[in-house]
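**Student:** These are the residues of each chain, in order.
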Amino acid sequence: MSNSAKAEAVLALHRFGMGPRPGSIAAVGTDPRGALIAELDRPLTLTAAAVLPASAKAYRTVADANARRAARAKQAQQQAKKQQTAAAPAMSEDQTQTQGQAQGQEKDAAEMAAKQAAEAVPDPGRPIYLQEAKLRTEAALAADIGFAERLVWFWSNHFCISAYKIQSMSGAYEREAVRANALGHFVDLLLAVEGHPAMLFYLDNLGSMGANSIAGINRSRGLNENIAREIMELHTLGVRTGYTQDDVISFANVLTGWTLVPPGDNPEHGGEFTFNPRLHEPGGQTVLGKRYEQEDAEQGRAVLRDLAAHPATATHVATKLARHFVADEPPPVLVEQMAKIFRDTEGDLKQVAITMVSSDEAWRGPPSKLKRPSEWGVGMVRATGITAVDPARFTGGQELLGEGLWRPSAPKGYPDDEASWVDGIGRRLDIANNFAERVAATADPQAIIEDVFASQIAPEVKQAVGRAESRQQALALLFMSADFQRR
Amino acid sequence: MGFDNHLPTRRELLVGSGALFAWSQMPRIARAEGRDPRLLVVILRGALDGLGAVAPVGDPDWISLRGDRALVLDGKPPALPLDAFFALNPAMPNLHRLYKTGKAAIVHATATPYRERSHFDGQDVLESGLVKPGMTSSGWLNRALLAMESGGRVDPRGSRALGIGSVTPLVVRGSAPVMTWVPQRLLPASEDTQNRLLDLYQHTDPKLATVLQARMKLAALGGAPGIGDPMSDDPTLMPPGIARVRAYFAEAAGTAARYLAKPDGPRVGAMGFVGWDTHIAEGAASGQLYNLLGALDGAFAAIESNMREVWHETVVAVVTEFGRTARINGTEGTDHGTGTVAFLIGGGLTGGRVIADWPGLKPAQLFEDRDLKPTTDLRAVLKGLLRDHLRVDEKILAETVFPGSADVKPMGGLVG
Chain A
1 MSNSAKAEAV LALHRFGMGP RPGSIAAVGT DPRGALIAEL DRPLTLTAAA VLPASAKAYR
61 TVADANARRA ARAKQAQQQA KKQQTAAAPA MSEDQTQTQG QAQGQEKDAA EMAAKQAAEA
121 VPDPGRPIYL QEAKLRTEAA LAADIGFAER LVWFWSNHFC ISAYKIQSMS GAYEREAVRA
181 NALGHFVDLL LAVEGHPAML FYLDNLGSMG ANSIAGINRS RGLNENIARE IMELHTLGVR
241 TGYTQDDVIS FANVLTGWTL VPPGDNPEHG GEFTFNPRLH EPGGQTVLGK RYEQEDAEQG
301 RAVLRDLAAH PATATHVATK LARHFVADEP PPVLVEQMAK IFRDTEGDLK QVAITMVSSD
361 EAWRGPPSKL KRPSEWGVGM VRATGITAVD PARFTGGQEL LGEGLWRPSA PKGYPDDEAS
421 WVDGIGRRLD IANNFAERVA ATADPQAIIE DVFASQIAPE VKQAVGRAES RQQALALLFM
481 SADFQRR
Chain B
1 MGFDNHLPTR RELLVGSGAL FAWSQMPRIA RAEGRDPRLL VVILRGALDG LGAVAPVGDP
61 DWISLRGDRA LVLDGKPPAL PLDAFFALNP AMPNLHRLYK TGKAAIVHAT ATPYRERSHF
121 DGQDVLESGL VKPGMTSSGW LNRALLAMES GGRVDPRGSR ALGIGSVTPL VVRGSAPVMT
181 WVPQRLLPAS EDTQNRLLDL YQHTDPKLAT VLQARMKLAA LGGAPGIGDP MSDDPTLMPP
241 GIARVRAYFA EAAGTAARYL AKPDGPRVGA MGFVGWDTHI AEGAASGQLY NLLGALDGAF
301 AAIESNMREV WHETVVAVVT EFGRTARING TEGTDHGTGT VAFLIGGGLT GGRVIADWPG
361 LKPAQLFEDR DLKPTTDLRA VLKGLLRDHL RVDEKILAET VFPGSADVKP MGGLVG
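Protein chains in written order, with the working numbering: chain A, 1 to 487; chain B, 1 to 416.
It cannot be assumed that every hint is accurate.
[As the list claims (entries may be wrong)] Think about it this way: if two alpha-carbon atoms lie no more than 35 angstroms apart in a straight line, the pair counts; the simulated DSBU-like pairs of lysine-lysine are: (1) 290(A) with 132(B); (2) 462(A) with 207(B); (3) 76(B) with 82(A); (4) 373(B) with 412(A); (5) 340(A) with 362(B); (6) 132(B) with 115(A); (7) 412(A) with 217(B); (8) 290(A) with 373(B); (9) 207(B) with 320(A); (10) 6(A) with 290(A); (11) 134(A) with 100(B); (12) 81(A) with 76(B); (13) 6(A) with 207(B); (14) 462(A) with 217(B); (15) 107(A) with 134(A); (16) 290(A) with 362(B).
Source of the hints: derived by calculation from the structure; they are not laboratory data.
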C-alpha cells in the first residue's frame, strides 16, 4: 500500500470507525469507501448476547428483587419491634431513660434492622448493566473497522434513555430496539424505540392517561406530555420546526395507553409492551393538521409513521449524522445529499450511511472533530490489541470523562461538538496515564505506531514518543496526541 | 402500578453536575470602591417548579389549583411563612433563616424572554442572554466578564486556567478564559508528562495546547481540593440515593465557595445542578422535589459557611430555564411551563423580601391558561446584580451582555 492509501485508511478508521487496531489497515485495504460499505452488509447482531436476558425479563428480575427486599425489610422491622416489646418491662424499672428516648431508640433499631435486611438482598440490575456494557464494548473492540458499531452508538444516543432511571433494561433496549434497526428504515427504528418499554418508562408515559379514558375518569388522573414533546423535538422533526403546544397535547393523548405489563401481576409477560385501552383517550386527535381516528395503538403508530416521513425529520437526521461523523459544522452539500436519499428511500438508513461515505464532502475536511470520550476510550484499547474489558472499570472511565454509558443527563443525549468536550482534555490525560500504566508491560508504543498506525502519524508525535522517559509516558503521549484525539 | 418501585429517588444523574466554572479576573471598579465582591451563578437544569418551591398561600385560588398537592401553612410538614402571602417549601430552613435575616430574596413569577417549552432551547436562552435560542455560542456571564474592567488577575502567572471538566455549559462559554474544577480521585499524570504533552500540542494543535496549559496553571495555583477528598465521584458506586444527593450538592457548592473565598481564588463562578424535571410524582411536600430542595438548602448552608469572611461580599443567584405547569398533570407531576422563581442569597444582599408583581392564579390569569404568568423579566434581576455588585456598565449590559435588553431596566436595590 502506498503512503497516501495508508493515510486514507487511517482516516477512515478514525472518522467512520472505532479507530485503528492490529490488522485493521489491511482490512480497510486500498478502497476505504468500499470497505466501509461492505461492513454494513455483515450481521449486526451480538451472538454472545444470547446469554443475556431480554428487557422484560431483566425488568422482572429487578422488580422481583425489589419486592423481596421490601418484604425482608418489613419482616425484620416487625421482628425487632416484637423483641423490644418483650424487653420493655425490664426497661421500665430503670428510670435513667425517659420514655421518649426509649421509644426513639426502639424506632431507630427497628429501622436499622429493616435496612440491613433489605441490603442483604442483592440488586441484580447492576450486574445486568455491566454484562451488557461488556458485550457492547467488546463488539466495538472486535470490529475490523467499526463503522456499523459507530452507527449503533449514534442511534443509541439519538434515541437515548438513562440507566439512572431504568438500569435493568438499558442494554437490552439498545440491542432490541436500536441495534436491530440501525441499518433498516428510520420508521421501523422509530416504532421500535418509541414502543419499547424502556423508552416509555424513561419519558414518563407508563401512567399517562387520557382525561376521558376509563382510568382517567375513575382515578381523576391524566396526561403526561413528556414523551410526545421529546419525540417531535428530539427524535424526529427537530426543535422549532412548526409544531405547537396543541400538537404536543394531542400527540400525548394519542400515546396514552402505551405502557408495559406490570411485573407484579404477570410473571410471564411483566415488563413487556402493552396497549392498555383503559388509559387511552377515546376519539380522534389532530396532530400537525392531520386527523387520526384510529381506536388503539394504531393511532400512535400512524402519527409516528407520518413524523418519520416528514421532510423536517430527513433534514434533522441528516444534519445530526453528518455533524457526528464529519464536522461540527458539516458541509451543507453533504447534509443535503443525505437528506435527499433519506427522503427518496423512505428513510433507508443504510443508504443514508452509504451516501455519506460515498460523498467526497465527507472526506475532504481536515480531521477537526474531537472524538467523544467513549470513542477515544475504545480507540485507545483497540490500539493496544486488547479485546476484552472489565466493564466496571471501562464504564467508570467513561463516567469520569462525562459520558457515562447509557447515562446522559437529559433526553437530548450527549452533545457532539468540540466546545462541549474540549475542557475535558485534562481529565483524559489522567485516564490515558492510568491506562498506559496498566498496559505498559505488554504494549510497545513504537510497534503501535508502525503496525497499527502504519507510521501515519505526525513526526512531532513520533519524536515525543521516541524521547519519552518511559513506555507509560510514551503511550500516554501517543493516546493524547492530536492525531489520536481528532478525526 | 407495579412499576412504581422502579422509580429512583431522583430523575437524573449527578455526574457532570456540580462542576465549578470560574474566571480569574477581579472587578476593577468594585475594588476601587474598597469592595471585593463574589458572584456565584447556580443553574437548576430541568425547570424548577416555582410554585412548589415558594407557594402563594395567600392567593385565594391556590388550593383549588393544586388541591392536596398545594403547600400550605398547616401542612405536614408546614410551609415556612415568608410574608403575608408567600410561604417557603418546608425543606428549606436555611433559606428561611437567611431570608429572615435579610440575606436572601426570592423573585417570583419570573422568566427569561423564552416562551416555548423546550428544555434545551430554554436553557440556551437562559445561558446565552439572548432573546431567542440558537443565536450565539457564548454565554452572558462570560460576556459580562469581558466587559467588566479587570482589576488584575488572581493568578499571578496571568493566564487562562483550566480544566478537568466534562461538558462546558453555554453560560460560561466565550472568549473570557474559563477554568473548571470537577471533583476527581484519579492520580493525575506527572508534571513531566504534562509538560511534554503541552510541548507536543504547541507544535501540532494550538487549541488543545491552550486547554492543557490552562489546567496546568490551575493546578499550579495550589491547594486545589479534590485529590484525596472524602467526596467521591467514584462511578462504581450505585446511583445516588437522596443522602448522596445531599452530600453531593453540599460538597460541590461548598467547594465552589472555598475556591471563591480564597484571596487568590476566582471572584466569579457558575455551576449547575440537574434533576428538576418533575413530570411524575413531583412530591413538593414530601418526595423528589422536597428532597432536591432540601439538598439545595444544604448547598446554601455550605456556601455560607465556606465563604467565611467574604460572605458579606457574596451574592449567589439561583436560576432555572422556565417553570412548570400551574396545575398538577395526570401523573402527580407537572409539565413544562413558564413563570417560576429565582433565589438570591448572600451576605451582600438587601433581602428579606419576595419580589413579585403577582399575576394571580385564576385560569384567565395563567399564561395560556396553564402556566404561572411571568411578570418579572429575569434579565432585569441579573442585570441589577451585575451592575450593582460587579459594576458592569449599564450600557454594555443592554447591548453586549443581554443584547436587545435596553427596555429591561436593571432591578435596583438588590445589593446594599
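**Student:** Starting from the hint list further up, note which numbers the structure goes against and sort them upward.
**Tutor:** 5, 6, 10, 11, 15
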